[in-house]
Amino acid sequence: MNEQDLPPPPQVAGVSLDGEHMFVISADENAALCRSTGAAPADDGAAHPIYYYIATQVAMGKTVAGLCATCEFDVEDGPMMGSSGVKFAAPLKVGQPYKVSGEILSLVRKRSRKLGVMDVLTYRLRLHEAASGAAMLETENVWVLPRKDLA
Amino acid sequence: MTFKIGDALPTFVIESVSPEAMKDWAVFLADPNPIHLDVEVVRAKGLGDKVINQGPANVAYIMNMLMAAFPGAQIEAMESRFLDNVYAGDRLIASGAVTAIEGRRVSCDISLTANGERPVISGIATVFTV
Chain A
2 MNEQDLPPPP QVAGVSLDGE HMFVISADEN AALCRSTGAA PADDGAAHPI YYYIATQVAM
62 GKTVAGLCAT CEFDVEDGPM MGSSGVKFAA PLKVGQPYKV SGEILSLVRK RSRKLGVMDV
122 LTYRLRLHEA ASGAAMLETE NVWVLPRKDL A
Chain B
69 MTFKIGDALP TFVIESVSPE AMKDWAVFLA DPNPIHLDVE VVRAKGLGDK VINQGPANVA
129 YIMNMLMAAF PGAQIEAMES RFLDNVYAGD RLIASGAVTA IEGRRVSCDI SLTANGERPV
189 ISGIATVFTV
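Chains A and B, in that order, are what the protein sequence lines are. Per my numbering, the first sequence starts with residue 2, numbered consecutively. Per my numbering, the second sequence starts with residue 69, numbered consecutively.
Simulated from the structure, these hints should not be mistaken for lab results. Keep in mind the model is a prediction, meaning the values are calculated, not measured. Treat each hint with caution, since some may be false.
[Stated by the list, open to error] Partial list, derived from the structure: chain B residues whose beta carbon lies under 8 Å from chain A:
no., residue
1, I82
2, D99
3, G123
4, R149
5, F150
6, E170
We treat Cβ as the ideally placed atom computed from N, Cα and C, and that holds for glycine.
All chains, please: the whole structure from these sequences, using the hints.
Here you go:
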């Protein structure tokens, strides 16, 4: 089957990923996370910058399994990270309540020599200071969803 | 430490990726994907015979390298491309090189390599130095 002969992927561009719950980086968890990566936690209240990914994933409007399900993909089939980008407007702080907004940008069906048929999911999330609404960062992630059923 | 274009940044080394830390990251990420927790699942999926580290943890090692190279600096932007899996027990080296300097803003190529030979992340980053 050629790429153009594949059935189209689900039309999910524009699906909201706005979160409903606050996310707070606890000082204890931040310290544990820093230690797990071989680093000491900052002593000025700054959280490890990898919380850009953690906070947005945990507090977006869908779970990982739910995001996959939106793309008609079973999380048990193993989504893979393709890339992750972030632009920070300000450093993240422990003890600060944050909220997430975001949306799916695209889901593109492709054929790869290594994986067979796959869907490439791109989504964008923003982390906002809950009190002011100011965006602290914007991240854009790409996941690869192998479509074994279409291989 | 002052850098100029072309300089390599000091590396950040993880001597052995810990499967116990993967359990912690499953909690941090609220994502109990068993490929990070259960080697039998990894084997069943044909992905190897060791549990696989979470991708964001691998990004965190590179961030540690940047924060150590530029004390007090803020990471302004970072792009990571995931090239391969990191497995329990892998020895990782996070490295970087300066590609541009504009005032206090330094741009770098970044990478993470497993066991001295296998690239697992490549990308770019910009830090705002103090």
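To see whether the hints hold, each was checked on the structure:
1. For B:I82, the interface hint holds, the least distance from its beta-carbon to any beta-carbon of chain A being 6 Å, beneath 8 Å.
2. Hint on B:D99 holds. Least Cβ distance to chain A is approximately 5 Å, under the 8 Å limit.
3. Because the beta carbon of B:G123 sits about 4 Å from the nearest beta carbon in chain A, less than 8 Å, this interface hint is met.
4. Here the hint on B:R149 is kept, as its CB sits about 5 Å from the closest CB of chain A, short of 8 Å.
5. Interface restraint check for B:F150: the shortest CB-CB distance to chain A comes to about 5 Å, inside 8 Å, so the restraint holds.
6. Nearest Cβ of chain A to the Cβ of B:E170: about 16 Å, over the 8 Å cut. The hint is violated.
Of the hints listed earlier, the one the structure fails to meet is number 6.
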